[in-house]
Amino acid sequence: MSKDQLVSNRAPEPVGAYPHARRAGNLLFLSGVGPRKRGTKEIPGVTLSADGSIAAYDVEAQCRSCFDNVRAVLEDAGSSWENIIDVLVFLTNMKDDFATFNRTYAEFFAGEGKPNPSRTTIEVGSLPTPIAVELKIIATME
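Numbers in the working numbering are just positions in the sequence shown, counted from 1, shifted up by 593.
It is worth saying that the hints were derived from the structure and are not from the lab. Fair warning: there could be bad hints in the mix.
Straight-line C-alpha distance at most 16 Å; calculated EDC-like pairs for lysine to aspartate or glutamate [claimed, not checked]:
#1 Lys630 with Asp661
#2 Lys688 with Asp651
#3 Lys707 with Asp669
#4 Lys688 with Glu716
Since this is a predicted model, take the numbers as computed values, not measurements.
Please model the entire structure based on the sequences and the hints provided.
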């Protein structure tokens, strides 16, 4: 892997052939980050049925786990939470989950001493694993 690619030892393993992040100049581009836990099949906030489909989920728990995973990738790359400049959010159920996501997001991103990045939130039909939220992040290396 080239020196501009990063694979974190703390974030969940990628579900495809890609690194956790790539550096380009002074910018760090994170691949999509979900709530999974590294080295396990555990997904915080998700209860699966016997056939592997989502039986129930807690989008707030998934958001908090996503934020923990983003922090791990940023720190392992030599950046930090405060350096986040842009967030792209993928939700599988905008109608039911946006208000909870937005409230939880504000705890981490909005207000004095927090990064307050630009943000776009879009609804998608599904994500590659049985999750309800995924984040795509751009940060600086300063």
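Which numbered hints does this structure break?
-> 3
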